[in-house]
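Join the two chains into one complex using the hints; note that each chain is given alone, in its own frame.
The listed protein sequences correspond, in order, to chains C and Y.
Residue numbering for the first sequence follows my numbering, starting at 1 and increasing by one per position.
Residue numbering for the second sequence follows my numbering, starting at 1 and increasing by one per position.
Derived by calculation from the structure, the hints in this document are not laboratory data.
There may be inaccurate statements among the hints.
[As the list claims (entries may be wrong)] When the alpha-carbon atoms are kept at most 20 Å apart in a straight line, the in silico DMTMM-like pairs for lysine to aspartate or glutamate are as follows: (1) Y:K4 <-> C:E94; (2) C:K308 <-> Y:E181; (3) Y:K174 <-> Y:E251.
[Said to hold, decoys possible] Which bits of chain C does chain Y cover? Going by a derived footprint, with three or more residues having C-beta under 8 Å, they are: (4) 315-326; (5) 357-369.
Since we're looking at a predicted model, the values are computed, not measured.
Ideal Cβ positions, reconstructed from N, Cα and C, are used throughout, including at glycine.
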Amino acid sequence: MDNINGFMAIAGANIKFSYLELILPVGISFFTFQALSYSLDVFYGNTKIENNIVRFGTFVSFFPQLVAGPIERSSNLLEQLKNKHSFSKENFIEGSKLFIWGLFKKVVIADRLAIYVDKVYEHPELYSGPTLIVATLFFAFQIYCDFSGYSDMAIGAARILGFKLMQNFNLPYFASSISDFWKRWHISLSSWFGDYVYKPLGGSRVKYIKWLRNILVVFLVSGFWHGANWTFIIWGLLHAFLYFFESWGDLLLQKFRILKIKRTVIYKFFKIASVFMIVCYAWVYFRASSVRDAFSITRKIFIDWSDKFYIGSSMVTFLLSIVLIIFLLVFQISQYKGISSLYFSRSKINPWLQMIWYLTLLLGISLLGMSSNSFIYFQF
Amino acid sequence: MYNKNFILKLIAFTALFFILDFCISKFLLNGLEKYYGLNDDTEIVLVGHSHLMLGVDKRKMERELGVGVSKYTREGVNVTDRKIMTQQVLRKNKKINTLIYGIDAWTFTSEGLSNNSHKLFYPFLNDSVIDSYVSKNSDLSEYLSKKIIKTSRYDELLISSSFRGYLGKWTNLKFGKVDVENLRANIRNGDYRKIENTDYNIEVLRETLDLLAKKNIRVILLYVPTIVLLTKVQEPAYNETIALFDAFSKEFDNVEFLNLQEPWSKEYDLFYDPIHLNPEGQSVITEKLIHYLKISEK
Numbered sequence: 001m002d003n004i005n006g007f008m009a010i011a012g013a014n015i016k017f018s019y020l021e022l023i024l025p026v027g028i029s030f031f032t033f034q035a036l037s038y039s040l041d042v043f044y045g046n047t048k049i050e051n052n053i054v055r056f057g058t059f060v061s062f063f064p065q066l067v068a069g070p071i072e073r074s075s076n077l078l079e080q081l082k083n084k085h086s087f088s089k090e091n092f093i094e095g096s097k098l099f100i101w102g103l104f105k106k107v108v109i110a111d112r113l114a115i116y117v118d119k120v121y122e123h124p125e126l127y128s129g130p131t132l133i134v135a136t137l138f139f140a141f142q143i144y145c146d147f148s149g150y151s152d153m154a155i156g157a158a159r160i161l162g163f164k165l166m167q168n169f170n171l172p173y174f175a176s177s178i179s180d181f182w183k184r185w186h187i188s189l190s191s192w193f194g195d196y197v198y199k200p201l202g203g204s205r206v207k208y209i210k211w212l213r214n215i216l217v218v219f220l221v222s223g224f225w226h227g228a229n230w231t232f233i234i235w236g237l238l239h240a241f242l243y244f245f246e247s248w249g250d251l252l253l254q255k256f257r258i259l260k261i262k263r264t265v266i267y268k269f270f271k272i273a274s275v276f277m278i279v280c281y282a283w284v285y286f287r288a289s290s291v292r293d294a295f296s297i298t299r300k301i302f303i304d305w306s307d308k309f310y311i312g313s314s315m316v317t318f319l320l321s322i323v324l325i326i327f328l329l330v331f332q333i334s335q336y337k338g339i340s341s342l343y344f345s346r347s348k349i350n351p352w353l354q355m356i357w358y359l360t361l362l363l364g365i366s367l368l369g370m371s372s373n374s375f376i377y378f379q380f
Numbered sequence: 001m002y003n004k005n006f007i008l009k010l011i012a013f014t015a016l017f018f019i020l021d022f023c024i025s026k027f028l029l030n031g032l033e034k035y036y037g038l039n040d041d042t043e044i045v046l047v048g049h050s051h052l053m054l055g056v057d058k059r060k061m062e063r064e065l066g067v068g069v070s071k072y073t074r075e076g077v078n079v080t081d082r083k084i085m086t087q088q089v090l091r092k093n094k095k096i097n098t099l100i101y102g103i104d105a106w107t108f109t110s111e112g113l114s115n116n117s118h119k120l121f122y123p124f125l126n127d128s129v130i131d132s133y134v135s136k137n138s139d140l141s142e143y144l145s146k147k148i149i150k151t152s153r154y155d156e157l158l159i160s161s162s163f164r165g166y167l168g169k170w171t172n173l174k175f176g177k178v179d180v181e182n183l184r185a186n187i188r189n190g191d192y193r194k195i196e197n198t199d200y201n202i203e204v205l206r207e208t209l210d211l212l213a214k215k216n217i218r219v220i221l222l223y224v225p226t227i228v229l230l231t232k233v234q235e236p237a238y239n240e241t242i243a244l245f246d247a248f249s250k251e252f253d254n255v256e257f258l259n260l261q262e263p264w265s266k267e268y269d270l271f272y273d274p275i276h277l278n279p280e281g282q283s284v285i286t287e288k289l290i291h292y293l294k295i296s297e298k
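Next comes chain Y alone, as it looks inside the complex (with noise of 0.2 Å):
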């Protein structure tokens, strides 16, 4: 009898456990997916890293274009991980039209970006693509963990984004300004980020525009700027990307390529850091990319 009644307390707090754990995660996945606006048939939708991110303003492109925008953007992702996210985006949306790319010179550059990427899709385990993805890159017991115990799938980036899906914010934060004479000083000693495009990562993007062309969803890949110095030491290689955009926005009818390099890569007050804008920076692309759409909708 007294045993039993401490097994009983067991399996009550066991249970506890796993049913807060559920509420939780179900919560927050909620906050998730209206920050990430998954859930919101919008017209347009924006798929990228940090550099979309920072760099459009999702509601003044609400308010300008009278259209719903989902902002899918995700710290650190390769073109591998935005392959997934695309298809993600694809199985939750039905009414997108126009998906912007976000691109830049290190597109297809493997290095730099994180190589446990796949721990980014975590909290999108119930997805059975996403699961299969993230099971064939992590370890029985990472996996194991992360399906038994749901809270696991987060880390205190991903509680804040989902506060923020339910607070309804996307502002840029990243306020204050690029120090250029540091930049100057790591390309001096080379220490910065070099372009190398690798033809997996090509294929990657193809495939990817592919899928969107057999959905015949208009793409735009939008060059985002980053700071010129960055670019220009790496010229021929930089050249060479740029022309990999140019030659599939001619492969395919569904693509255009919008480069916002020029002249803005040279106004270094819009940045934040080499690769990130302010929200100066942001209204100044996010007004760009308005006047884009609506040109080319007449």
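Pulled out of the complex, with its shape left as it was, chain C reads as follows (with noise of 0.2 Å):
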């Protein structure tokens, strides 16, 4: 609303829109997308039509996914909602495993992160630049954590319960390109957009100008479903863009013939970090209260490394926050090496092991876990 005002003051017109005194109910967009995407399958023939409400306010209100998702296709979870379902050791069991990964996801890492995270961005304007870009690196493993905790304790819950909800994470930060990236970070919403919104416009099936506009108008709304101001709009733009100068630097790739580096371990190290920092520097417009204070922090990221360096609240818990980033970090390589499955089913490492690793996280949660700050993704 703000940003409309502006743009009405800005044109001389003497109008000014007023807040709606509205108390909206967490995970608002998330109803929204499960319900629009069984209209919108219903409507392309992909579905079925459901006479049942209660299944129907079941699917759009499933509680282990009620409030952050992952977003739901009615052809997975409506189906599955027909279907009796009784009590499966092996589901209680795969579902208890990845909610104790989540939990700790959430409750060790992301909000050990945010003390620092939330205190540094709150007056970006008091920090020099190697603050800013701690900072930012911990966003980013915060709000991965964070989001992806979520998701793997509503994947957990629903699990525990026999339903089985869709990936919503794959090692996002392992992506070696940025539309990699998006098929590896919040699966749903990128699949979501992509069927209802990518596709229809045409999808890549288009004159190349067309193309370029359909991402933009993804990344666009992508950009405006986070939330209805600048940063988030210039975070989805700037994704937009990196997309757009990624394809072009594979045409020239192709043209000049040295796709053969492409094999090399390094090369691969090299595209993963370089992607890894691009959607760090991303991440600051999401974070950022103002484009303003974005814009600040771009700036002393580059220029001003002056003032000293800010360890937070304590020097504990900024080395924690680093060994527990360290921690995450070699669990996910082992993912990534496919030594323990990423939802934990069918993993290669002993048993034994494997219980000693789910007490660790069990009385890490316990130990350090902390209990005062709701999720992220609770505002969307």
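Have a look at this one:
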């Protein structure tokens, strides 16, 4: 509303829209998207009309993923609601494993990193470049652990009840390109936009200029979905432009036939690291309170390295945050390499070692877990 | 048979969790008690918050005075918490003859310290008095979770303190010097903690001193210096607080008031921040305290 009023003022129109004093339920966008997905699937003839109001209501407001997703499709969840579910040992074990890992990511890693990130991003003008870089890196892991932690808990809780929800994250910080990142981050939302926005616009089977438009629209809508704030819009647009640059880069590589270097490990590492850095930079716009703050952070990251480095509330907490990030990365590398499975179903690790691992996670939650912060994605 | 096996594994996993939970919490508690000197029958005990924690060097006192010193200091504790800590020390330590109680201009101020300070006492839930204090101040689910899962009573700072207890490390690691210009700017903006003496807090300290008087324990109300700029800006309230400490030292025969505010409150190089001393400051104040104890012994 502020943005619209701002535009009106610039245009010289003497019109001011006022706010509606409404309290919106948490996870409103997730409800909406799930219901919309059903309506569009029925419209396109991909799913049958559901006549049972209780079943439909359960589909839209299925409690494990009620407030933060993953956004389910009627073809998956609605069909499962039609079946009878009895207790299964396998579901209980797999669901519990995933739930514990999700809880650990949320209350041990994300909430701890939030202390530092919130402090720095509250007044970024007070901190120097190195502090802002660390806060941004911490935020990248905070938002990942927060949201993927919630998704894992939702999928795990549903699995205990006998339901299989769709995967929402697949090691996004191991993406080797921006397009790969969006296949790994918030998969249920990305595929939603792909199926209901990108494809109806023509997808990639259109002229090049229209394809550019389609990509731009999808990322713009994605930014807008996260909030009616310029920071989210810029974040979405930034990803769109990165997507374009990447496709142009790939075209150049193909033209000059230098694709062979893609096979080397160093090249792959370089690609993963550079995508991670770029994604981290884009998070600045996602996390900053205003565009002015985001620009100020950018300037300080590149120019202002004068002030002393801020270690946070205590050295112990700061070091622990770094240790936890390393812990996460080591585990994720084992998942990336296929040593342990992403969704805990077919792990190569010895069952006894697995038991020690889950005991460690549970004791980690008990010892280092924090309970003060809510989920970042509750606001969407 | 198939399900029986699963249930047995589940029970074994749960049992293993609680056994580990018990062992880890026991290990941490032991380290924590070493760090705070709660199980040592020492002659001198320090009770206070972070000012005293960073202001006095326990090891130096032990070396110079030749007696055992326990330093039971926690960040952010108010006078009620300090009363609980004093009672806890008295239950644990039978040889105590001198208790050094950390005070400052904000001793009787409620604002600024944590409202949920009962959480500081989670590790000591096995102590019935502390258990009752925590249960009165926390909600049922929080209380029960801490009772059942013992490791949930700790956080990284307590874990760190516990390890320091095992390693015998009480060093002040707050290296660096206060940013005086920044402090002056904050004072100009009114951004500083106000001194407000409340009757309730005055009464709590009186009760604590009364308890110590009954046990015939010598009490030293020790004012570890805080930067003069902070107290000068609130001079009437500061003087009123000092007068209260003077009055307590006259009211109780066993109580002495040792005000080390002057002249060190003007020595900005001794401070890590406006209210905490750095290692250099700690060394100066510890020497003065040792000197006072030696003189008063004679």
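* Check each numbered hint from earlier against the structure, then list the numbers of those it violates in ascending order. => 3
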